[in-house]
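Chains as they are written, first to last, in my numbering: chain A, 79 to 368; chain B, 329 to 443.
For the record, the hints were derived by calculation from the structure and aren't laboratory data.
Just so we're clear, the structure is a prediction, and the values are computed from it rather than from any experiment.
Fair warning: there could be bad hints in the mix.
Here are the computed distance ranges between Cβ atoms for each label pair [to be verified]:
#1 B/Ala439 / A/Gly258: 18 to 26 Å
#2 A/Leu143 / B/Ala389: 28 to 36 Å
#3 B/Gly436 / A/Pro202: 21 to 29 Å
#4 B/Ile413 / A/Ala173: 35 to 43 Å
We put the CB at the ideal spot given by N, CA and C, even for glycine.
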Amino acid sequence: MREDVPALTDAPAGERAEDTATPGTASPDESRRRLIVEALGIAVSAIGFGFVYGLSAREAGFSPLEAMAMSTIVFAGAAQFAAIGYVVAGLAWPAIALLTLLLNARHLLYSAALGPWMADVPRPRRALMAHVLTDEAFALSIGHFRRIGRTDEAGYWIGAIASTFIPWNLATLAGVVAGGSIADPNVLGIDIIFPAAMIGLAAGLISGRRELVAAFAGAAIAVPWALFASPALGVEPSTGVIVGGVVGPLVGLLVPATLAAEGAPLGTRESAERFAMPGTRLDDDAEGLP
Amino acid sequence: MSAELIPLAVVMFAVTYPSRALGLLAPRLDRLPKGVIAYLQLVGPAVLTALAAVAIMVRTADDGPPVFHIGVEWVAVAACLGVVIWRRNLLLGLLVAVAIVVVARATGLAALPPA
Numbered sequence: 079m080r081e082d083v084p085a086l087t088d089a090p091a092g093e094r095a096e097d098t099a100t101p102g103t104a105s106p107d108e109s110r111r112r113l114i115v116e117a118l119g120i121a122v123s124a125i126g127f128g129f130v131y132g133l134s135a136r137e138a139g140f141s142p143l144e145a146m147a148m149s150t151i152v153f154a155g156a157a158q159f160a161a162i163g164y165v166v167a168g169l170a171w172p173a174i175a176l177l178t179l180l181l182n183a184r185h186l187l188y189s190a191a192l193g194p195w196m197a198d199v200p201r202p203r204r205a206l207m208a209h210v211l212t213d214e215a216f217a218l219s220i221g222h223f224r225r226i227g228r229t230d231e232a233g234y235w236i237g238a239i240a241s242t243f244i245p246w247n248l249a250t251l252a253g254v255v256a257g258g259s260i261a262d263p264n265v266l267g268i269d270i271i272f273p274a275a276m277i278g279l280a281a282g283l284i285s286g287r288r289e290l291v292a293a294f295a296g297a298a299i300a301v302p303w304a305l306f307a308s309p310a311l312g313v314e315p316s317t318g319v320i321v322g323g324v325v326g327p328l329v330g331l332l333v334p335a336t337l338a339a340e341g342a343p344l345g346t347r348e349s350a351e352r353f354a355m356p357g358t359r360l361d362d363d364a365e366g367l368p
Numbered sequence: 329m330s331a332e333l334i335p336l337a338v339v340m341f342a343v344t345y346p347s348r349a350l351g352l353l354a355p356r357l358d359r360l361p362k363g364v365i366a367y368l369q370l371v372g373p374a375v376l377t378a379l380a381a382v383a384i385m386v387r388t389a390d391d392g393p394p395v396f397h398i399g400v401e402w403v404a405v406a407a408c409l410g411v412v413i414w415r416r417n418l419l420l421g422l423l424v425a426v427a428i429v430v431v432a433r434a435t436g437l438a439a440l441p442p443a
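If we strip away everything but chain B, and leave its shape as in the complex, we get (with noise of 0.2 Å):
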C-alpha cells in the first residue's frame, strides 16, 4: 500500500495548522478592539455564504476556465435555507436538498455534474 503522499499530508498540515492555532494561542488576542470583535462577528456569516455560493454557481473544468452554472443545485439549497428558516432545522433542510436534487436528477429535469 503506498505512503508517498503522507509527507504532503504534513506538509499540508504544517501550512494548516498556524492559521487555526494562532488565534486561539496567541495571548494577546483575548482582548481584541471593538472593532475587531465587530469585524470578527461578521467572518462567519460570510465565508460560508461564499463557500455555498462557490459550490454551487461556479465549476471547474481541467482543462478550461471556470463557468458559472445555473441549476437545479440553487433551487435544493434555497430550499434548505427555506426549511432551515422556516423550521430551524438543518437536518431536515439537508434532506429536502438532497432529495430535490436525486428527483430532478432521476427524472431527467437535471443533468449530473461533471465527475
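Only chain A is shown next, with the shape it has when bound in the complex (with noise of 0.2 Å):
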C-alpha cells in the first residue's frame, strides 16, 4: 500500500471534508483554477468526439431526437458510437443491453474509485453524479481531488457538466443537424482528439511506478484482446478495453512497495506538481507547498 496518496479510510467522511487546510497541500481555489484550464482541453475533446458521433449517427439514420436521446440519457461515448453499429446491424436490443453493459462495466472501476471521496455528499446528488461518470469526469475530478488532498463537489461538476456532459451534447446537436455540409471530419483530424485526450489524461494520472506499470500492462494487454480474441470469442474488440483496465492494475500491483515508493511523497511541492493534471503548472510562489 502506498503511503504518499490520501488517506481514504484513515479519518471518518466528516473530518476529510472539513480539512480544507492540510499542511502542504494545494488550495482548493489553486486547484480549481487548475482544473478548469484542464476541462477547456476536455471540453474541446468532447466537441469533437461529439460531433463526430452526431455525423456518424446522422449518417446511420438516426433523427436529431434519436441521437440527441443517446447523448443525453445514456451519454456514455463508446458505447453510442458502438450502438450506431448494433443498429445498423439490425442487431436484436438485448444483445445491444448486453453489450452496452460490458463496455461501461469500467465505471464501475471510477465510481468505486471516487466512492470515499463522496461519502459527505448527499445521496440523491450522488444520485446524478453517477449520470455524468464518463472517462474524462473521473480522471479531472480524481486530480483535483488528489491535489488538494479531500472532495471538492463544485469541482466534480465542472469536470463532469461543463467540460464533457454540455459540450458533448451540443457538438452531438451540431453534428446530427448541420453535419451533412461536411464532406468528411477525419480530414480535420478529428478523430485523432478522443485517443489523444485520453492519453493526456492518463499521463496526468500517473505519479509512480505502479501507475505506469498499470497504464503499459492495460494497453498491451487491450490491443492484443481487441485482435485476437474478442473475435474467437465473438465480443466487440472493444471489450479489451475493460480486459485491459481489469487486469492492468493487478499487473501494476506486482510492483514491489519498495520499487513502487515514489520521491515525491503527498504533501510536498514535488508531488503536487506530479499529481497535478495536464494543462497545469504549479507557480513557484505557490503558498501552501513546503
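Using the supplied hints, reconstruct the complex from the two chains, each of which is provided in its own coordinate frame.
Below, the structure written as C-alpha cells:
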C-alpha cells in the first residue's frame, strides 16, 4: 500500500470534508483554477468527439431526436458509437443491452474509486453525479481531489458537466443537424482527439511506477485482446478496454512496494506538481507547499 | 421525426447507470480495504491507456476481423503525450496531435481512416 496517496480510510468522512487546510496540499482555489484549464482541453475533445458522433448517427439514419436522446440519456461515448453499429447491423435490443453493459462496466471501477471521496455528498446528488460519470469526469475530478487532498463537489460538476456533458450534447446536435455540409470530418483530424485526450489524461494520473506499469499493461493487454481474443470469442473488440482496465492494475500491483514508493510524497511541492493534471503548472511562489 | 430509438436509449441507460452508481451510492464502499484502494488507484491509467491504444492500433471493418493499424495516429498521440509531459498542457497537446494528422493527411503522407 502506497503511503503517499490521500488516506481514504483513516478518518471519518466528515473530518475529511472539513480538512481544507491540510498542510502541504494545493489550495482549493488554485487547484480549481487548474481544473478549469484542464476542463477546457477536455471540452475541446468532447466537442470534436461529439460532433463526429452526431455525424455518424446522422449517416446511420438516426433522427436528431434519437441522437440527442442517446447523448443525454446514455451519455457514454464509446457505447453510443458502438450502438450505431449495432443498430445498422440490425442487432436485437437485448444483445445491444448486453454489449453496452459489458462496454460500460469500467465505470464501476471509476465509481468505486470516487466513492470514498464522495461519502459526504448527499445521496440524491451522488445519484445525479453517477449519470455524468465518464472517463473524463473521473480523470479530472480524481486529479483535482488528489491535489487538494479532499473532496470538492463543485470541482466534480465542473469536470463532469461543464467540460463534458454540455459540450458533448451541443456537439452531437451540431453534428446530426449541420454535419451534412462537411464532406469528411477525418480530414480535420477530429478522429485523433479522443485517443490523444485519453493518453494525456492518463499521463496526468501517473505518479509512480505502479501507475506506469498499470498503464502500459492496460494497453498491452487491451490491443491483443481486441485483435485476437474478441473475434475468437465473438465479442466486440472494444471489450479489450475492459480486460486491459481490469487486468492492468493487477499487473501494476505486482510492482514491489519498495520499488513503488515514489520520491514525491503527497504534501510536498514535487508531489503536487506530479499529481497535477495536464494543462497545469505550479507557480514557484505557490502558497501552502513546503 | 423518428423517435423509435429513444426506448433503446433508455435500455442502454438502464444497463449503464448501475455500474456508474454502485460505487458512489453503496454505503459499505466508503471503507474499502487498502488492497482494493491500491487497485483502484491504478484503474484510471490502465483504462485510459487501453482506450487510447485500442483507438489508434485497432481498426475494425464491417465484414472482417479487427486488424492491427500502424499510422500517423501513433505519431500524433505520442506527440500529444510528449507535450503533456513537457508542458503539462493537454489543450496544447491536442492541438499538436490534430495538426500532425491534418498535415500528414493533407500532404498524402497518411491515408484517411475508413469511414
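Ascending list of hint numbers which this structure does not respect | 3
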